[in-house]
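Mind assembling these two chains? They're in different frames, but the hints should get you there.
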Amino acid sequence: MRNILIICSKELRSYFASPIAYLLLTMFAFIFGYFFWSSLGEFVYVGMESQMRGQTYPMNVNEMIIRPLLFNAGILGLFFIPMITMRLFAEEKRSGTIELLATSPIRDIEVILGKWLAALSLYACILMVTAVNFAFLFKYGKPDWKPLAIGYLGLLLQAGALLAIGTFISTLTKNQIIAGAATFGVCLLLWVLAWVSGYETATWAQVLAYMSITTHFESFAKGVLDSKDAIFYVTVIFLGLFFTTRSMESLRWRS
Amino acid sequence: MITVKDLTKRYARNTAVDHVSFEVGKGQIVGFLGPNGAGKTTTMRMLTCFLTPTSGDATVADYDVLEQPLEVKKRIGYLPETPPLYPEMETGEYLTFVGKLKGLSGAELRKRVDYVCDRCAVADVRGKLLGRLSKGYRQRVGLAQAIIHNPGVLILDEPTAGLDPKQINETRDLIKSLGGDHTIILSTHILPEVEQTCEQVIIINKGKLVATDSVQNLQNRARGAESVLVEVSGRNGSLDSAAVQQRLEQVAGVSRVVVKQSRDSYSTFEVESRKGCVRGDLARAVVESGWDLNELRPAAMSLEEIFLQLTGSEAAVQEEAAVKEAP
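Protein chains in written order, with the working numbering: chain A, 16 to 270; chain B, 17 to 343.
The hints are simulated quantities; they were obtained by calculation from the structure and are not laboratory data.
The C-beta atom is built at its ideal place from N, Cα and C for all residues, glycine as well.
If a hint is listed, it holds; no wrong ones were tucked in.
Computed list of chain A residues with no C-beta within reach of chain B, every gap over 10 Å: (1) 60; (2) 87; (3) 90.
Which residues of chain A face chain B? A partial, calculated answer using Cβ under 7 Å: (4) 25; (5) 112; (6) 118; (7) 119.
Same shape as in the complex, but just chain B (with noise of 0.2 Å):
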């Protein structure tokens, strides 16, 4: 449905969007992922035909964003990061405007309305002026207008920025019933939201692709080799972590073993090895060797972890928690 190479978008001074490809099928959910900067933006507003590419091309359902930017537009619903809503419009009159912008009509035009009010839950506030909703109906306006003429491929740049949790929720189910109707790529720097919502994953960083993959794939591809979490004490109140290291270390299969944390009585002790379960044989050797075994459960990689991991970079994400933090 949409299919990317080696889209560049340069600036006087910097790169924004260096040499990116990837492909979305029809119907899929794909998360774009990426600490602040990265590019996310820039690379969903030249799919939208909003920014011209430096160089590069990019096609929607096979319609060149360069050669046939009419036929792309009437393809794609888009949601930019801040919701383009006119602040002395009424929502029903804005969803028409916006419906006939794309080019509906007539009794058509009346049913997408009705269709998109009741869809995002806005049908409450219909007649109320714009300027006058709260954050997370501004959001679902802007949600549909982006699906008012029904469109194939959906394009939403962070569509879950600033709504409070209950709300998240409920733009992330309706994300989730849109797919499979519609094409769709978010973007998004919340890390869970992409884990719940999205089949696959594109991570750019710094203007460059660093991964695209399904989100199974990814955590698989990451962890590489298999970590246990093991948490041991002693029978007498008293734990010789080393021993327990020492004995661990000897199961077969186990690559590295490293505490965790140390205390008198019990110790954590984070367990890696080749691929393949070791747990029984680890559970076995500690409750022979005279200890009681209080913990043992895979120490899964959060997406989170695979980001950092691909991005490389803590500083990036520190940063952009420091963004955040400030007013």
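Next up, chain A with everything else stripped away, as it sits in the complex (with noise of 0.2 Å):
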């Protein structure tokens, strides 16, 4: 556990050292503040035309706004991730410093798993951001809590597994954009398989729809913590940092 926590300690000050954090910081700060602005927008509109017609519609600041932005925090989501695992091995494996790291005594897993912690930590920071536009709807409405809480646990779930991914993916180049252009292919892949279920309902497009990362995050905006989603983020974390393993232990048959 010790070394787990030095590892990630020594990962995040380095997103922190160099402009990496801030940059995506402040880019997902700029695109969450137009989405959320718009939507709030787009419910005051709504609201003063019901107002108008004397018709009262049920206005519910959960539904309208805080469902719609969470789901789109995770879409954002999939175009961050790569930018924050793709130097997490590639970097090391260039610089040559993977080989301190693979001759101290300390084991290949906890590696993976502190650079996995610290990658998450970053983006849980990235999250924050979006938590102080909530903020403002909790000074001037009366959103439920909890299923916002559930919304932020499910993102990071989400997180968790394309991160998982992402750090599997660095460790098998040197090169950080390729590492990055990958992981983002297959997040994007990740992404629209849902679509398939748009159309056809074969068994084939189902288990496709099913494999898809986004379609497991439907429940958790809702606020409905659905076990079968949170078990299926879980495996894909857990498979995700067990390539990662068997990766790191070939690394010492070939290079």
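Below you can see the structure in the form of structure tokens.
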């Protein structure tokens, strides 16, 4: 455990010692801020319209703002995750520092978990930006905090799964760009797999849609903690990290 | 301290290390010698558990590199060919991080960081980013990280590569001073370095062990017979080198005389003889025949010649030189 934390804190330091962390935070803040602003604008417009017509629509902040925004934050994450994970191992391999880690009295799995945890922590920091936006809703309205908390849990699980995949891909190459591009491709693919269920109902289509990373987020976005979806994410995390350990081990045979 | 037996590393297309066996005693400084691509780095990487051997055994401090890699790693300090530095870290921060990785903590960690900074003369750059350090400093920080946990065994891959002559001397002195407490294996292709710093030499070529012996023995062994350089000049400005050669060959114990250089007034000969001192007889023969003796000195074989003789390929060394010259 101590070793994991040593690696994790070192990784976090290098995220924040370079412009990467600040760049990601700023970009996420701007884009998510725009999403928030426009969906709030629409909410207010719809509210005024229904008042003018004298009809009273049930206006629910959770359903009309928080749920779609959480989903958007997840999609936005797909674009940010490759930028977080691409350097994890590729950079160490290129600069030769991997030799230091691999010849220190520390297990491969501790290195991997440390790096993955650091990536997850950075993503959590990025998500905190969205909390600033949501805080306004609590100031001026009365949204339910429980679905929001579950939504965040889902976002973290979803990111954890993609980060595990990204970590694995980063061990395969010395080139950060390749690691980033490949991870981005996989992230995108895992998102659009869900679209197949829109026009096809055969078993294979259902299996394909089930493998999509975003379909499992829907329940979380609704504020429902579905164990089936949580288990899916945990399984992907486990598999991703397991393949990373195998990949690290194969380095000892090849390089 | 280190035992290597039939260590082999095979890749898909080539064999990098082929049944190499040697032993290194406690506190020894051993030079690991060979042309580029001979398998030095691969062997070192297997000893440090960075690479898994295809077959064979290696133990460090009685721990097997395959069975108990964590125990081996605790006892080894390793400086790879390029020092493993994180450019965005400061020197002190980096050494603290490595110390933690090696299992140090608290007051002991701080003490060791202070100690290695002092020992490797990097104290003045403690607050500087590693990415901004000069090559000499980077190498010394690399050495500092290798000794931070006071390991019994130090494995240094070309520790003086890319340094200027002054820095090379400083680094050699540092390594020498570390011997005794630490068992050291250092790889190099600079031969005088081995003569100066090491007690024992392991020479490998094309993945195979060529020789393992003390520097002294190796020199004696390669010499086999003694050879002496003799420069002779004629009294009246002209010299018949064939006559001198004939005269020298008649000296008891001389097996061969080669004319190295022949001028009008003087000639140089290389005289090979069986062991034992024939130099006195040679001098007397020259002077008594009415010639002047300008120079008479033992032609000691340098390690360089031994190396070429043992690896049997001047081509390999020339290749290496070509690689070095290439930009």
